[in-house]
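Based on the sequences and whatever the hints tell you, model everything.
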Amino acid sequence: MRPSSTRHPVHPLSFAIALLFTAPFSIPVFAAENAGNTGSDPSTTPASAQEKVAQVEVKAKRLDQARNGLSVETGGSSYRISEKDIANMPQGDSTPMNQVLLQAPGVAQDSYGQLHVRGDHDDLQYRIDGVILPESISGFGQTLDPSFIKSINLLTGTLPAQYGYRTAGVVDIQTKTGAVDNSGSLGISMGSNNTREVMGSVSGSQGNLNYFLNGSFLTNNIGIENPTSSKSPIHDTTDQFKGFGYFSYLVGDASRVSLILGSTNSRFQIPNSPGQPMNFQLAGVPNYPSENLTESQDEITHYGVLSFQSSIGDQFDYQLSAFSRYTSVNFNPDNIGDLIYTGVASQIARSGWANGLQADGSYRLNPEHTIRVGAFYSRESLDNQSNVLTFPADDSGNQTSDQPVPYNVTNKKTAYLEGIYLQDEWKATDKLTINYGGRYDHVDAYVTGDQFSPRLGAVYQLSPETMLHAGYARYFTPPPMELVSNDTIAASVGTTNAPANTLNDPVKSESSNAYDIGISHKFTPQLTMGLDSYYKQVTNLLDEGQFGSALLYTPFNYAKGKVYGVELTANYHDKNFSAYGNLARATALGKDITSSQYTFDNDELAYISNHEVHLDHDQMLTASAGMSYQWHGTTCSADALYGSGLRSGFANTEHLPSYVVMNAGVSHDFQTREFGEIEGRFSVVNLFDHIYEIRDGSGIGVGAPQYGARRELLFAVSKKF
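Mapping of the sequence shown onto the numbering used here: residues 12 to 732, in sequence order.
Mixed in with the good hints there might be a few duds.
Below 25 Å or equal to it, Euclidean Cα-Cα: the simulated DMTMM-like pairs (lysine to aspartate or glutamate) are [unchecked claim]: (1) K731 with E690; (2) K424 with E476; (3) K95 with D707; (4) K586 with D680; (5) K731 with E302; (6) K187 with D707; (7) K242 with E302; (8) K602 with D585; (9) K242 with D707; (10) K731 with E704; (11) K730 with D96; (12) K730 with D250; (13) K161 with D612.
No wet-lab data here; the hints were simulated from the structure.
So, in C-alpha cells, the structure goes:
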C-alpha cells in the first residue's frame, strides 16, 4: 500500500517564479542583438557610451554604500564570509549553506542541516540586501544557495535595535547584482551517492537595468543523514531545485528599484533503519521489514522582495520594501509500516503565506550623530492539517484492535508581527563610538505578547591595531508558528498515538538579557585574532523537538535558562594564501518545562522541573579551521570541523562522542581550444571517512539517530561565457 500523495495548491507567487526561470536565457540574446546593432564591442563603443556605463556603475555602488549605511553593528560581533572565501572552499559555491556558516565561530551542526549559534536552537534571522526574509517552516531543506551570494556577515552578540525576533545570529546576505557586460556560466557536478547537479547563471546590465539570475537542480541518494553508520543509506534519494533572481533599475541619480525572487522545491525520501522490531499488529500484514518503508517529505518555499531605495539630500537615506513568502511542508507516511512500527501513520501538511512591509531610514544629524529608525509589519496565514491512522488502545496505551481508526485535525490561524525601532550612533570621540536605542515588538498569533527592548553597544579603538567592543541587549523572541493545538491531543486520546499526559500550556515568547564583551588585535598586516565572551539570562527559554515520526518540530518553553561562552578567532591572509581558525566554548541550560508538556514522559518532566539540564543542542566545544592556496590558476583548499558531541540520554544528562571531519578540494582553470577557459574541481567530503554520530535518538525532543555523511568524492566542471 503506497502512501497517498499530496496535491500542492498553485500559489500566486509561483507564476512569477516560473516566468523568471523560463525566461532568463532570452536576456543575453536580446542583449547580443542590440550589441550588434549599436556596436557595443568595447573596441568600437563611442566614448560617450562607455562614460554612460561607468556612470551607471558609480551610481549603483553609491546606492550599495548608502544601503549598507542603513545598518549598524556597533557592540556586537561580526564575522564576514566573502564571495572569494566561498569559492575557495573545497566544494566552491556548491557548498550547502549550512556548511558555509559552520566555518564561522560558535556555530554547531545538528541533524537535518540545522545550525545552533551560541547555544540557541536555530534562532537565526536571514536578511537579503537588508530585508528580513520570513522564516520557512522547520524542515531540513536548504532554502538559500551560496551561488548567488556576494558576501555574508554573521552578526552575533548584543545586536543594535534594528535587529529583532531571531537574534542568536543574523545572516546578513549581500547578493550578486550582475556585471557591466553580459556574462553567464554553466556547470555540472557528479560523484558519490549518485550525486548529479546542474547549475547555471546569467548576469549583466542594459542601460539602467541590472540583473543576476541563477538556478540549480540536484539529485543524490543521501538527501538527509543516514540513521545507520553504513556508507549507503536505504531509501534516501532527494531531488532539489533552487532558483534566484535579482533585478534593479536606477531611477535618476539617487534612487533604485530592486526585485528579488527566489524558489526552492525539494523532495526527500526518509531513510530506513533495517532490522527494527514490529511493535504493533495490523490485520492482514504478518511481516513488513523496516527497510521497505516508503516515507517521504516535500518542502516548497517561494519568496519575493520589492524594494525602493533613495536619498533625500546628502543626509537622509531610506529603503522601503514589500515582501511575500509562501512555504509548505508535507510529510507522506508509509501507512502500513508506520502503523506496525510506531502505532500511528500521519499525513501532515503545513503551509504559511506571509506578506509584509519593512522600512529603514538613516539620518546624519551631524558628524557625531547618525539617527536610524525603522518599522516592520507582517501578516501570515497558517494552515496545519493532519490525517491520522492509529489503533484503539486502553488507558495504559496497549493496543486493543488490529484494525486502524482514522481521525483528522485542521488548524488555521492568522499571525501578526509588528515592530519599530529608534537608535543613535554617536561618535563620542575619535576612538569611541556608542550606539544606543530601543525597539518595541508585538506578536498576535497562537500567543500574544509585546516588549520594549533597550539596546546599548560601544566600540573603542584602543590603538590602530586593537579594538574593544561591549554591549547589552534586551531581546524578545516570538515562538515559531507551527504549533500543535489542544484539539490534536484530544483526538488522540484512547489510541496508540495518545501522549503520556495531556498538558499543553501555550508556548510563550522568550525574553532575555544579553551581555557581550570582546577584543580584536591585528598582530601583523596578515594576522588578526579576536576573543569574545557572552552571557544571556533567559525567561521562557524557547526550544524545539522532533516528537513523532514526521520530521517536523514542536516548540516548547523552559521557565528559566542561561547561555554563556567564549570564542577565539584567528584569520591570516598573505598574497595567495589564506587561513582561519575558530574555537568556541559554550554552555546552554534550562529548567522546568512550562509548555507543550504532552510531548514529554512524566518522569522526565518531573526531573527537569527540579534540575537545570543541558539543552539537547548544547555542545561544549566547537572548532573550525580552513586554508586555501592559489598558484598559477590552481586553488588547493581544506577545512575541518570539530565537535565535542551534542547531548543525549535521559534529560540530556549525557553527550555523544567527539568527532573531527575534514574536507579537501582542488580546482584549476584549464584553457581549451574548443571551449576556451573551463574550471575543473575535485573535492572530497569527510576525507578520512570518519564515522560519527550527530544524534543517537535519545535526549529531549530527539527523533531517530543520524550519522554524518561518509566519504564522498565529487567532480565538477563549469564554463563561463
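Comparing the hints with the structure gives:
no. : hint           : in the structure
1   : K731 with E690 : holds, 9 Å
2   : K424 with E476 : violated, 53 Å
3   : K95 with D707  : violated, 37 Å
4   : K586 with D680 : holds, 19 Å
5   : K731 with E302 : violated, 44 Å
6   : K187 with D707 : violated, 40 Å
7   : K242 with E302 : holds, 15 Å
8   : K602 with D585 : violated, 48 Å
9   : K242 with D707 : holds, 17 Å
10  : K731 with E704 : violated, 40 Å
11  : K730 with D96  : holds, 20 Å
12  : K730 with D250 : holds, 24 Å
13  : K161 with D612 : violated, 47 Å
In this structure, the hints that do not hold are numbers 2, 3, 5, 6, 8, 10 and 13, in rising order.
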